[in-house]
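Protein chains: 2
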Amino acid sequence: MADLHRLSATQAAERMSRRELGAEVYLRAFLERIDAREQEVRAFAYVGREQALAAARKLDAGAVQGMLHGLPIGVKDIFETFDMPTQGGSQVYAGHTTTHDAACIALARRAGGVILGKTVTTELATFPPNETRNPHKLAHTPGGSSSGSAAAVADHMVPLATGTQTLGSIIRPAAFCGVVGYKPTYNLIPRKGVWADADSLDTVGVFANNVPDAALFVAGMLSYPGLFPPVIPSAPRIGLCRSYQWDRASDEMKTTLEQAGRALERAGARVQAVDLPPRFEGLLVAQQTVAWWEIGRTLADETIRHGHKMRPALYERCEYAFQVKPEDYHRSVALARACRQELPDALGDCDVLLTPAATGAAPFGLESTGDPSFNQVWSLLHTPCVAVPAAMSADGLPLGLQVVGRLDEDRRTLAAAHWVHQRLGV
Amino acid sequence: MADLHRLSATQAAERMSRRELGAEVYLRAFLERIDAREQEVRAFAYVGREQALAAARKLDAGAVQGMLHGLPIGVKDIFETFDMPTQGGSQVYAGHTTTHDAACIALARRAGGVILGKTVTTELATFPPNETRNPHKLAHTPGGSSSGSAAAVADHMVPLATGTQTLGSIIRPAAFCGVVGYKPTYNLIPRKGVWADADSLDTVGVFANNVPDAALFVAGMLSYPGLFPPVIPSAPRIGLCRSYQWDRASDEMKTTLEQAGRALERAGARVQAVDLPPRFEGLLVAQQTVAWWEIGRTLADETIRHGHKMRPALYERCEYAFQVKPEDYHRSVALARACRQELPDALGDCDVLLTPAATGAAPFGLESTGDPSFNQVWSLLHTPCVAVPAAMSADGLPLGLQVVGRLDEDRRTLAAAHWVHQRLGV
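Protein chains in written order, with numbering that gives the first Met the number 0: chain A, 0 to 425; chain B, 0 to 425.
Honestly, the hints are just simulated from the structure, not real lab data. Be careful, since some hints might not be right.
Copies of one chain are not kept apart here, so a pair can be met inside one copy or by any two copies together.
Unchecked claim - Restricting the straight-line Cα-Cα distance to at most 25 Å, the calculated cross-link-like pairs of lysine to any residue (SDA-like) are: (1) K57 / Q38; (2) K253 / D370; (3) K324 / S222; (4) K57 / Q271; (5) K324 / R109; (6) K324 / H381; (7) K308 / T98; (8) K308 / Q64; (9) K308 / F363.
One chain only, chain A, in its complex shape:
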């Protein structure tokens, strides 16, 4: 009983669907964990204890609901929920409630998921951090913007959580906290009721402690059983991709990628270096341009009517968006389109790429959520990405790599990521 909160979601769901474990009993293990740890980690903006207990009791009293039967879920605080506040980590939305569920939350509930609470986000899922700490070392950032979701899953306060990525908001915090983060192909999970930052980039995804749990979560949510279990028929062909951001990686991160390549090769994978075509070098700047052109316009109501309640750095960044030249925006969009077309060929016969999930381990300090530059290119390219913990840094913080697949190949990407994660054994 004491270790129920460390069961995998997959195992727990199986036991609950066989009625060997009650949803309320399982939920209480996480509520106890939250009681013990939340004061230090600060992952939650709101814990919906009573709502979650009521949902769990209802599940115990009724029929087995679906693939997520009884699984507690942490919800990033930019996803609307009819029964809990949605405050987006911003004074603009302090005390804000909505009458409806985000579509993917309604879908998760229908599949038997139990919404446990709202997890801390940076302000409006952009860059100004909020109170969450890295559970591995409390003085280090958990990453962001999905800070609370990554930290809560890492600390076993919830087995599953939702996130969104516009720049690097799923993969980076997953890497910093040592959990699995899954950013699906753009537009796979519906965004209705999830607050936007940049329509052409925003992607809904999930956090879990292993790849099958993440796959189960999305398979259940979307009624898309083919995503689970993530099994690849034979050892994957992996393209080791340093990327044009390689110089930004720490020495430890560089070593992590190289060692992972060798370990996976020993385990039977075909591993070869993949260099991205030359014009991919422009994607990082292009992503920045597209992101801020869009974010500034998307946050118009907040900046215009509530600007005085926003962190000044965010307010100013939004205002700056109107100085981005339309021709730069269009050039960036055109580059992204061209590179999306070119990517399948660049991968050759590789199943997936393996590349750093972040520049290194979580940096010291809580005033920044770290550098998203290893994530921005993939956000712009709309590819599925799965962060997997790959090593530990000298001072005891996780180092993450990401498995990147072709557009729409979520199934293959998850399966390869699971294979990789099992072999790296972190």
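Using the hints, position chain B against chain A.
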């Protein structure tokens, strides 16, 4: 004064910015028109008379605001507004209010736009119609889902209005009501605060009585002055495109396209037939598959918690979405990606395509909003489309054509559409 409501928005904005016309005086012309006509046309779900008057008076008392200074705007009732209800044409949202503006509405206000009211939408911007009638013949549908926006602009109850298109919800009602409809490139106008149906298709756009007015609206909203005025340096090269839906067109529509081609050629354009590549034939079915896979999931909260308040036909259609096979969804998405890549070559050296905006004139009856099949392919391809009135049917209803451009070429598409509209002279 009696004809103020028939001024073009471009002229009115110019006069207002020179202080030759007051925003309140201009607004009152539309309020009078609404008083005279709304009982018959039923374009509005809510008229924000007091809110609009207050905004107009504030504009008259202050500095010139921006490109939209003093222009009244009708807002489709799925766009959130902080000061007027948003009910989505559905009992699910009867009396529903929100605390914030949709991003594009906040941007329009900042540019000086005056939000006049909320226009009638079909239920949740899908297919079940609501009360709006076609101002040309009240027993005919105005089209949908942006029914009220198209009808209100056609009847000069407002000079500008917003809309969204997922299947054919901007271009078709514009054609049926004899106004200009502009569906920009996917993701050009931010969707935050606009209720979603299908993330990979939903596109925000506008209605106006001529192309410069539509271009002014979007240029002002996005702070993107390059879109206005829409001027093409020389007569455009036009690809006359019957499309794979040609058999669905009425004889009158077929004649309209052929005659337009000849008239534009006489006016100096280069006009040549353009056949789309063979695999484009599959796009109509693919669009249907993608749309309903996504709509069913997007409307999850509505169907799960409020299904009894939805029209049964919509509820059932949403449930059906879960029977669409993932492999069919992925095949459809893949076809769309491939055709998006192929389209620029298919256009050759044409600036734009000219193709029917609907199967014919607005059908008799209010129980259906008509057939979107001439729009669905372009919704899936994400291209900019501009509907222009091109002829009148034998029984006095407008017939519309659409000008279709390449992705991101909104500027060229608008300019060519303006050139075409001027030459067709309807």
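Which numbered hints does this structure break? Hints 1, 4 and 9 are the ones this structure does not satisfy, whereas the remaining hints hold.
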